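S.K.: Heads up: the sequence shown begins at 1 in full-length UniProt numbering, then just goes up one per residue.
Careful: at least some of the hints might be erroneous.
List time: in silico DMTMM-like cross-link candidates among lysine to aspartate or glutamate, alpha-carbon distance up to 20 Å [as the list claims (entries may be wrong)]: (1) 192 x 208; (2) 192 x 165; (3) 192 x 262; (4) 192 x 169.
Have a look at the derived ranges for each label pair, beta carbon to beta carbon [as the list claims (entries may be wrong)]: (5) 170 x 64: 41 to 51 Å; (6) 131 x 179: 30 to 40 Å; (7) 13 x 84: 38 to 48 Å.
Hints in this document: simulated from the structure, not taken from any laboratory.
A quick note: this is a predicted structure, and the numbers were derived from the prediction, not measured.
Ideal Cβ positions, reconstructed from N, Cα and C, are used throughout, including at glycine.
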Amino acid sequence: MPTYRPGPVSLILAALVALFLLLPLLAVIPVSLTPSRMLAMPSGELSLRHYRALIEDPRWINSILLSIRIGVVSSAFSTVLALCFSLGVWMFQPRFTAALVGFVLLPMVVPPVVSAITLYFLLTSISGVSSFFGYDTWLGVAMAHSVMTVPFATVLILVSLSQLDRRIDLAARGLGATVWERATRIIMPNIKFGIITAALLSFVLSWEEIGVTLFITSVNAITLPRLMWMGLRDNIDPAIAALSVILIIVTVLVLAVRSLVDRLRGAH
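All chains should be built: construct the whole structure from the sequences, respecting the hints.
M.R.: Written as structure tokens, this is what we have:
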């Protein structure tokens, strides 16, 4: 089959569009190097003081570690819930499948403010029973993030299941496999990439969640997005720009590694 390659005009237009989209991100780099204590472009002198502040200030390190902990727990919880629900719907095909799926996807369509207020009252009620798991605790934040990310994980796993040949499951059932064996030995190995993608997406959504977090935290569970929001609201700390540059570099490296792995797989 003939291979179609874009012409020079298309490449130039694509490069201009990419540059237009990347300019706001690139503008963060010089801001992160400013010697000023406020967000501003450097006026000739460059400084790494704000990168050093990220290392020396324990608040940033603690918030990063807390966000990672919450993201991992929330991602695991969301993926397990979404997987159990999706497997049950796909294997047993209940009569009200559409209604059940719609109910699970409600947090995706409900305004985030409504979800945040609901979770606030839920966690404050739980705090009256246990201070370890409730309002302004990292486990409470992880649970709230799970509520928000379960719909996205469910969609990804359901899409993976929709591409799976149902005859595989029927053959396993005909050979006497139990429900647990069918789920763990037949179905899940065939949708493992969908499960991994759901877990990664849940972690990313939990990592960047700020709307709900503002309602359910106060002074104890300060995640990274909340600390950045506090820095912008209170004193416009340029360390936020330095942290943004680091996150951009990490994202670019992850994408580059993934592209390299895909290219090596294609070569083999």
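S.K.: Give a verdict on every hint.
M.R.: Each hint, compared with the structure:
no., hint, result
1, 192 x 208, "violated (25 Å)"
2, 192 x 165, "holds (15 Å)"
3, 192 x 262, "holds (17 Å)"
4, 192 x 169, "holds (16 Å)"
5, 170 x 64: 41 to 51 Å, "holds (48 Å)"
6, 131 x 179: 30 to 40 Å, "holds (39 Å)"
7, 13 x 84: 38 to 48 Å, "holds (47 Å)"
Taken one by one, the earlier hints fail for this structure only at number 1.
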